[in-house]
Each structure stands twice: as C-alpha cells, then as structure tokens.
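Student: Chain by chain, the residues run as shown.
2 protein chains.
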Amino acid sequence: MLGNFAYSNPTKLYFGEDSLCYLNEELPKYGKTVQLIYGGGSIKKNGIYEQVITLLKANGKVIVEDSGVMPNPTVEKLMEGIQIARENQVDFLLAVGGGSCCDYAKAVSVSVHCDENPWEKYYIRFEEPACPIVPVGCVLTMVGTGSEMNGGSVITNHEQKRKIGHVFGDNVMPKFAVLNPKFTYTLPKGQMVAGIYDIFNHICEQYFSGQDDNTSDYISEALMKSVIHSSRIALQNSEDYEARSNIMWTATWALNTLIAKGKDTDWMVHMLGQSVGAYTDGTHGMTLSAVSMAYYRYICPYGLAKFCRFAVNVWQVEPKGKTDEQIASEGLSRMESWMKELGLVMNLSELGVTEEMLDGIADGTFLMEGGYKILTRDEVVDILKASM
Amino acid sequence: MLGNFAYSNPTKLYFGEDSLCYLNEELPKYGKTVQLIYGGGSIKKNGIYEQVITLLKANGKVIVEDSGVMPNPTVEKLMEGIQIARENQVDFLLAVGGGSCCDYAKAVSVSVHCDENPWEKYYIRFEEPACPIVPVGCVLTMVGTGSEMNGGSVITNHEQKRKIGHVFGDNVMPKFAVLNPKFTYTLPKGQMVAGIYDIFNHICEQYFSGQDDNTSDYISEALMKSVIHSSRIALQNSEDYEARSNIMWTATWALNTLIAKGKDTDWMVHMLGQSVGAYTDGTHGMTLSAVSMAYYRYICPYGLAKFCRFAVNVWQVEPKGKTDEQIASEGLSRMESWMKELGLVMNLSELGVTEEMLDGIADGTFLMEGGYKILTRDEVVDILKASM
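For the record, the sequence lines run as chains E and W. Heads up: the first sequence begins at 1 in my numbering, then just goes up one per residue. Heads up: the second sequence begins at 1 in my numbering, then just goes up one per residue.
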C-alpha cells in the first residue's frame with residue numbers, strides 16, 4: 001500500500017431479502033417531499049413500485065414522480081429532473097433502479113440549487129458543487145455499477161456525442177442503499193450478464209496498475225473469483241439467491257473506492273466503452289466487453305508480470321514450463337471463454353459501430369494516465385479496429 | 001451472502017507516511033481539551049509523542065496526559081482514565097498506541113458521563129451506553145486488533161480473573177484513525193509477530209463458519225494471503241515499508257465488520273485466549289497462537305469442507321489424490337509451520353500456565369454459538385490440555 005490516501009465511505013447499506021423495510025428507518029430522517037426516480041416501468045410489473053409507494057405513504061411523504069430514466073441518462077432528461085425537483089421543492093431523491101437511476105439522481109442532486117449549466121460545470125469542467133445538495137437514497141434493482149455506494153455519475157450528451165462520468169465527493173454519495181438480491185431476479189439475461197461484466201471490469205480497471213505487492217490486489221482477485229463463480233450459477237438459475245446475493249455484494253465492493261486504495265488507475269476500458277456508448281447508446285457493460293479483449297491483449301506486454309499473476313491467481317493457469325507471455329496469454333484466453341460463456345457482446349460491429357464512426361469514437365476517448373501505458377490516439381484507433 | 005444485515009462504518013482512515021498531518025484537519029472539529037492516551041512511553045523514544053504534541057498545540061488544544069495504559073488494560077486503569085476525563089472535562093480522547101490504547105479510549109468514552117460501574121454495565125451485562133459519548137481518535141503505532149476502525153473494547157479484571165470484550169455500536173467507533181506504517185518500525189519483533197497472528201486469527205474466526213459460498217470468504221482468503229506474504233518479508237526486514245503497510249491495512253480490514261457480513265461467528269479462539277490472558281497477562285496475540293492449533297485440529301472434522309478450501313486456497317495444498325481429511329490436515333500443518341517461522345508462542349506452558357489453572361481458565365471461557373460446534377466445558381478443558 002504505497003502512497004498516502006484517506007478512506008471513508010458514508011453510505012449505509014441494507015442488504016438481504018427483507019432489506020426494503022429499512023426505508024422505515026431512513027425516510028424519517030429526511031424532508032416531506034420525495035422525488036421518486038425510476039426507469040421504464042419494470043418496477044411496476046415486478047411489484048417493487050407498489051412496495052416502495054406503500055412505504056413512502058406510511059412515512060407521510062409527498063411523492064413526486066420522475067420516471068423514464070433511460071439506460072444512459074441524457075442531459076435532456078437531467079434538465080427535466082432538475083425542473084421537477086425545483087417546481088416541487090423536493091427534499092429527497094429516491095432512486096429505484098440500477099446504476100442509471102443512481103447516477104441520474106446524483107446529477108440532479110448537485111444541480112437543483114445550482115444556477116450554472118450542469119453539463120458544462122460537472123461533466124466538462126469537472127467542478128465540485130458549491131450549492132446545497134439534495135440527499136439521495138437508492139433501492140437497487142440491477143447490479144453492476146456500484147453507484148449505490150460511490151460518488152460516480154455518468155451522463156450522456158447525444159448532441160455532442162459525449163458520455164462522461166464525474167466522481168463526486170462523499171457529500172454526494174447516497175445516504176443509504178437497499179440491496180435486495182431478489183429484486184434482481186426479473187432482470188432480462190442480457191442485462192444481468194452486462195452487469196456482471198461491468199463488475200468484473202471495474203475490478204480489472206483498478207487491478208491492472210502498479211508494481212507493488214498490494215493488499216488491494218489480493219482483495220481484487222477475491223472479488224473476481226467470487227463473481228466468476230457466482231456468474232456461472234446465476235446463468236443456470238437466475239433465481240439462485242446465493243449467487244445473486246454474492247454478485248450484488250461484489251458489485252458494491254468492486255467500486256466503492258476500497259480496491260483502488262494505494263493504486264493508480266487509468267480506467268481506459270471505461271474511457272473507450274463510454275465513447276462507444278455515446279455513438280451507439282449500447283448497454284454499458286456490453287460496450288466494455290466489446291473493446292476489452294483487444295485492449296487487454298494490446299496492453300499485456302506493458303504489464304506482463306501482473307497479467308501472469310492474473311492468469312495464475314484468478315484463472316488457475318498452471319505456470320509450470322511456460323513463458324510469462326504464454327501464461328499471460330492463457331489467462332486472457334480463459335477470460336475470453338468466460339465472457340463468451342456469459343453471452344457478452346464481443347465486438348463493436350454487433351453494437352452497430354461502423355468503420356466511419358471509429359475516428360469520432362477515438363476523438364471522444366479520454367487518454368488517461370495511471371495504467372501500464374498512456375495510449376496515443378493512433379493506438380486507440382488500432383484497438384477499436386481490432387474490436388470490430 | 002445469506003441473511004439480512006446492515007453495513008456502514010463511520011471511521012475515517014488516513015493512511016501513509018505523511019498521514020499524521022491530517023490531525024490538522026480533524027482536531028479543529030472537536031473541543032479544546034484533549035486527553036492524550038498512551039502506553040509505557042515508547043512513543044517518547046521514537047519521536048511520535050513530540051510530533052503529536054506539536055500538532056495538538058498548533059491546534060490550540062489543552063493537553064491532559066493519560067499515560068501508562070498497559071497491554072491488557074485493567075478496570076483499575078479505566079477508573080483512573082474516567083477520573084482524569086471528568087476532572088478536566090475533556091472534549092476529546094486521542095489514543096496514540098496500539099489496540100490496548102484504542103480499546104481503553106473507547107471504554108473511557110462511554111463511561112465519563114455514566115454514573116454506573118462501567119465494568120458491570122458494559123463488560124458483565126453488555127449494555128449499550130445511554131449517556132453522551134466523548135469522541136475518540138486514534139494514532140496507530142502497533143497493528144493487529146483493528147480497534148482503530150471498530151467498536152471493540154477489551155478490558156481485564158484481574159481480581160475476577162476475567163478479560164472481556166464488548167463490541168460497541170457505530171457511535172463509539174473512532175471518528176478517525178491515522179495509520180502510518182513507519183510508526184510500527186520500532187516495535188519489538190515479539191509484538192510485531194503477535195500482532196500479525198492477531199490479524200490472521202481475526203480472519204480465521206470469521207472465515208471458519210457457514211455452509212454458503214460467500215463473497216466474504218473470498219475476501220478473507222485474500223486478506224490471509226496478503227498477511228502471510230507480507231509477514232515473511234517483514235520478518236526479514238522490519239523496515240520494509242511495503243510489507244508493513246500491507247500488514248497495517250490488512251489488520252484494519254480484518255476486523256472492521258466487512259468480512260463478517262453474511263456470516264455467523266463464535267470467536268472461540270478469542271474466548272479461549274482472553275481467558276488465558278486473564279490468568280497470565282500474556283500478550284494477546286500469543287494467547288491466541290498458544291491455543292490455536294489444538295482448537296483448529298479439534299474443530300476441523302466439524303467443518304471439514306471449509307478446512308479443505310482453506311488448505312487449497314490459502315496454503316496452496318495440492319488436493320489431487322488426497323482425502324479431504326489429508327488435505328485439511330496438510331493445510332493446518334502449513335499454518336503451524338508459518339506460525340513457528342514467525343516465532344509465535346505455540347503452547348500455554350510457555351505463557352506460564354500451569355495444570356492447576358486450567359479449570360479456572362475453562363470457567364472463564366465463554367462457550368459461544370456460531371461456529372462449527374458449540375464446545376462443552378469438557379471439550380474446552382481438553383483443548384487447553386492439548387495446548388500445554
């Protein structure tokens with residue numbers, strides 16, 4: 001654990017099949033008017049909406065509806081949410097959904113009492129909020145992003161063809177999150193596996209950096225092994241409580257800052273995937289899976305020792321009698337097989353990306369420091385081509 | 001992750017070789033009079049005392065000294081600390097030391113404004129504080145107990161021959177903890193290895209229970225592997241920053257409630273070790289190591305599958321061609337070899353325990369539920385005998 005860092009995480013988690021009832025403990029802490037944020041209405045079909053409404057009413061809340069949050073929340077939707085919050089003078093934002101709803105709720109929370117353009121302020125200039133923040137709570141119905149216990153918020157601007165994430169501070173993080181694994185049972189398989197790969201990739205993004213032998217790396221390997229193991233069970237039986245609960249818990253710990261401690265990170269797969277998302281509106285996890293193998297195979301020689309460790313510790317590659325290159329390559333092949341087993345999107349063409357888009361996608365990809373190599377724009381284009 | 005649970009941890013950690021300066025951020029949040037809690041004065045020799053005093057004075061604090069906290073803090077010392085706090089109307093308790101100082105600070109914090117006898121109230125009747133709590137901060141100079149990020153507080157009553165731990169709630173946990181790996185460099189080797197085994201045993205206590213395949217178990221294995229790896233490096237070079245920093249970070253995460261989530265626990269090695277401690281005043285980690293092998297070998301058949309997993313995942317035992325009993329046994333043998341390599345106390349006689357004490361130690365051992373088997377008093381006596 002090299003370097004200096006601070007760690008704290010203010011979000012309170014309520015986990016388990018009975019966890020929704022803890023809204024009764026949390027809701028009284030906040031004001032009367034609650035903006036209820038959700039997506040396309042699946043929570044009305046599976047009964048979660050009714051349960052939440054009942055609890056809100058039992059706690060004497062005035063409910064302001066804010067539905068239709070899309071998988072990649074847009075600037076236009078954000079402006080709509082801010083207007084709803086202002087007009088109704090809401091005291092609390094309750095997001096019921098997946099990462100998109102949580103991300104969106106945070107974006108609304110920092111913008112309600114701010115006169116500036118939120119896209120410009122937070123997603124272009126990366127400034128911190130100087131205004132009062134409307135507190136956020138989450139009821140999770142889809143796992144992957146870890147947004148329930150972090151300050152991350154990704155917003156898409158289709159006009160500018162940009163999908164950008166801002167990581168806000170502790171004060172913007174959800175006050176609490178309700179994690180009920182059963183709420184994820186009715187998720188379509190495609191979304192489940194996209195979420196699983198999102199989790200796995202969050203861990204990889206933080207794992208693949210640094211030369212030191214770091215406790216964070218051991219924990220990262222543990223989370224990867226847990227999610228690989230449980231993903232195979234969930235694929236066979238999407239209502240296996242144990243598997244779904246392990247996936248849900250792993251998702252939270254994969255991206256609540258813990259495993260990044262003592263590490264540098266560049267988040268390049270997310271930079272690539274987010275730019276792809278701005279062009280295709282593809283499911284977040286699938287934009288990551290589509291570029292991952294080309295990226296990792298390209299970057300592998302620059303972090304060979306760590307890719308060997310990954311192969312042996314995560315994928316149980318037998319190292320005896322093999323060169324480092326062979327060990328690392330075998331690890332990546334096993335990772336690729338698992339991704340195919342899950343049914344992930346393995347190339348950009350499948351997401352509707354055309355050769356003509358590649359220049360624009362490369363232009364929209366932030367070139368970050370912190371990994372094994374700072375990519376050039378040409379290298380980004382090469383990786384994108386290899387992902388087609 | 002079976003069962004329902006809540007997770008939150010309010011302690012803020014400042015980690016790294018420059019972390020002490022963060023006292024400048026934290027001290028202004030609390031009142032003027034600070035009770036400075038420390039042990040036998042080693043912090044005066046290694047310069048940490050001077051650095052802390054300088055920072056306290058720079059922040060305009062009135063410093064009230066409370067030194068002489070012993071490795072196993074006693075009820076008598078606790079009463080003294082309470083009196084110091086009351087007489088000086090202290091606003092804040094700053095513990096500079098290891099787990100003993102942190103544990104003691106928490107015991108003082110819940111007792112200053114409470115009229116009842118703290119030993120009776122907290123350590124015999126296990127009640128929660130109903131009085132105002134004096135906030136606690138920690139500057140860690142010895143690692144092992146995890147007391148810097150949990151609510152645990154162990155106090156010893158020599159008259160009653162009882163050493164008992166109370167785990168207080170979030171409100172009693174340290175507000176912040178400063179973790180500077182360099183502050184542990186000057187620790188005598190015996191204390192370093194006792195702390196390392198304390199860490200390892202904390203993980204074992206939480207790992208060895210439950211039938212489910214749990215993300216907490218994967219994280220536990222990661223922490224065990226990290227501490228085993230770093231312990232060997234620190235044993236060769238006690239000033240290897242990377243090793244000491246990994247050990248320090250692992251200690252915190254081994255006992256800040258994370259890896260207990262979704263698990264039942266009985267903490268039987270601690271129950272045995274604490275009773276031994278009440279009779280011998282032995283170093284905490286050494287009282288654990290002295291009873292561990294006899295305990296785990298006794299309990300192994302009741303949790304065979306987990307002991308096999310432990311052997312393969314933590315100790316790299318090759319399972320091929322072996323019975324489960326052989327695999328599990330080989331894992332425990334490798335653990336024993338590592339303990340001997342560290343130079344831990346491996347039997348009770350070395351701690352000064354005599355045959356005549358065994359009945360008393362057995363009487364002082366709480367028989368807990370939550371592990372693979374609820375021990376009877378006779379079984380406790382057998383384990384103690386096998387540990388002689």
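Derived from the structure by calculation, the hints contain no laboratory data. The structure displayed is predicted, hence computed values, not measured ones. Among the hints, erroneous ones may be present.
If chains are identical, the list can't say which one is meant, so a pair holds when it fits in one copy or spans any two.
Here are the computed lysine-lysine pairs in the DSS-like style, where the Cα-Cα straight-line distance is at most 30 Å [claimed, not checked]: (1) K161 with K189; (2) K182 with K322; (3) K322 with K373; (4) K44 with K182; (5) K261 with K189; (6) K322 with K57; (7) K175 with K261; (8) K225 with K320; (9) K57 with K189; (10) K182 with K306; (11) K44 with K320; (12) K189 with K373; (13) K306 with K225; (14) K225 with K373; (15) K385 with K45; (16) K121 with K161; (17) K306 with K320; (18) K29 with K77; (19) K320 with K189; (20) K175 with K29; (21) K322 with K225; (22) K261 with K161.
Student: All hints are to be evaluated individually against the structure, with a verdict given for each.
Tutor: The hints, checked one at a time:
Proximity of K161 to K189 under the C-alpha cut-off of 30 Å is restricted to the intra-copy arrangement: shortest distance 28 Å within a copy versus 59 Å between copies. With identical chains, the CA atoms of K182 and K322 are never at most 30 Å apart, being 44 Å at best within one copy and 39 Å at best between copies. Proximity of K322 and K373 under a CA criterion of 30 Å is satisfied intra-copy only: 25 Å inside one chain copy versus 45 Å between copies. Within a single copy, K44 and K182 get their C-alpha atoms as close as 15 Å, which meets the 30 Å cut-off; across copies the closest is 56 Å, which misses it.
In this assembly of identical chains, K261 and K189 lie within 30 Å of each other by CA distance solely across copies; the values are 28 Å between and 33 Å within a copy. For the homomeric pair K322 and K57, neither the shortest alpha-carbon distance inside one copy (64 Å) nor that between copies (60 Å) is at most 30 Å. Taking identical chains as interchangeable, the C-alpha atoms of K175 and K261 lie at most 30 Å apart whether they share a chain (22 Å) or sit on different chains (20 Å). In this assembly of identical chains, the alpha carbons of K225 and K320 lie at most 30 Å apart whether taken from the same copy (22 Å) or from different copies (21 Å).
When the C-alpha separation of K57 and K189 is checked against a cutoff of 30 Å, the pair qualifies neither within a copy, at 33 Å, nor between copies, at 61 Å. Taking the shortest alpha-carbon separations for K182 and K306, only the inter-copy value of 27 Å comes in at or below 30 Å, while the best intra-copy value is 36 Å. Taking the shortest Cα distances, K44 and K320 never come within 30 Å of each other, neither inside one copy (55 Å) nor across copies (52 Å). When the C-alpha separation of K189 and K373 is checked against a cutoff of 30 Å, the pair qualifies neither within a copy, at 35 Å, nor between copies, at 40 Å.
Within a single copy, K306 and K225 get their C-alpha atoms as close as 16 Å, and across copies as close as 17 Å, so both meet the 30 Å cut-off. Proximity of K225 and K373 under a CA criterion of 30 Å is satisfied in both settings, with 26 Å inside one chain copy and 29 Å between copies. Proximity of K385 to K45 under the C-alpha cut-off of 30 Å is found in neither arrangement, the shortest distances being 41 Å within a copy and 62 Å between copies. For the identical chains of this complex, K121 and K161 are intra-copy neighbours only, at 17 Å inside a copy versus 63 Å across copies, given an alpha-carbon limit of 30 Å.
Within a single copy, K306 and K320 get their C-alpha atoms as close as 17 Å, and across copies as close as 27 Å, so both meet the 30 Å cut-off. Taking the closest pair of Cα atoms, K29 and K77 come within 30 Å of each other only inside a single copy of the chain (28 Å); across copies the shortest separation is 39 Å, beyond that limit. Within a single copy, K320 and K189 get their C-alpha atoms no closer than 38 Å, and across copies no closer than 36 Å, so neither meets the 30 Å cut-off. For a Cα distance limit of 30 Å, the shortest separation of K175 from K29 qualifies both inside one copy, at 10 Å, and across copies, at 21 Å.
Taking the shortest alpha-carbon separations for K322 and K225, both the intra-copy value of 23 Å and the inter-copy value of 24 Å come in at or below 30 Å. Taking the closest pair of Cα atoms, K261 and K161 never come within 30 Å of each other, the shortest separation being 32 Å inside a single copy and 42 Å across copies.
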